[in-house]
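A.B. asks: Residue numbers (numbering that gives the first Met the number 0): 0 to 207.
Taking lysine-lysine pairs in the DSSO-like style, the calculated list, with each CA pair at most 30 Å apart, reads:
{"id": "1", "residue 1": "LYS186", "residue 2": "LYS153"}
{"id": "2", "residue 1": "LYS183", "residue 2": "LYS153"}
{"id": "3", "residue 1": "LYS189", "residue 2": "LYS153"}
Just so you know, the hints here were simulated from the structure itself, not pulled from any lab data.
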Amino acid sequence: MAVRQCFQWTRAARGYIAGSRWEQTLVFPDGQRYFFASDRVTTVNDCECLLLRTDLPGHLKHDRGDCFTSIYLSHVGEISSDRFLYDFPPDGDFLYRRAERAIQEHLIRAYRLRVGAEAGPWLGGITIDPADVYEAWCHQRGYVCFIQEIGGRKIRRDESFGADYAIGYFDSVEEMVVLARRLKGLKGLKVAGETESARWGWTEHGGG
Numbered sequence: 000m001a002v003r004q005c006f007q008w009t010r011a012a013r014g015y016i017a018g019s020r021w022e023q024t025l026v027f028p029d030g031q032r033y034f035f036a037s038d039r040v041t042t043v044n045d046c047e048c049l050l051l052r053t054d055l056p057g058h059l060k061h062d063r064g065d066c067f068t069s070i071y072l073s074h075v076g077e078i079s080s081d082r083f084l085y086d087f088p089p090d091g092d093f094l095y096r097r098a099e100r101a102i103q104e105h106l107i108r109a110y111r112l113r114v115g116a117e118a119g120p121w122l123g124g125i126t127i128d129p130a131d132v133y134e135a136w137c138h139q140r141g142y143v144c145f146i147q148e149i150g151g152r153k154i155r156r157d158e159s160f161g162a163d164y165a166i167g168y169f170d171s172v173e174e175m176v177v178l179a180r181r182l183k184g185l186k187g188l189k190v191a192g193e194t195e196s197a198r199w200g201w202t203e204h205g206g207g
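Produce the complete structure using the sequences and hints provided.
C.D. replies: Spelled out as structure tokens, the structure:
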């Protein structure tokens, strides 16, 4: 199954014009517990640093860690749920900034679900090209905020930017890492056709 959706901004910040377009493609491969997502923004403005703010794998609502045991950030490692009992700001801990470190081999953000008294599967998000991520937050503000900012580069009118992801359930961090390596170099999720005979693929293929 595949989904394509779009939105055209009707408002803009002072000094800019409205009309930039966001497009998203979702593909749900048969027999998998994860799906692929692609975000693309085509701008109608010249910008020095244009961003798209997303949530990956999605904000985590909890009551003192009642529904998760730990969080995994590929640039940090595994973090106990105890670290998220009290609020702290985005730059208080665990902040990822592209400008402050070498580009990661893979960029994975996930949390491990609590199933009764046991640790269950991971709900994770993999950004296929880590270089697409400008900044990524993981902080507590009544919930765990997983904001991730895409882009952050100079761009001109009618140009596009975006990112591609794999999002879903995994039994281990190792399983996510294996998938991230297999997807390396892929870019531009696309779907051709509108019926059951539609096909999906990638506009760029790497050596991963």
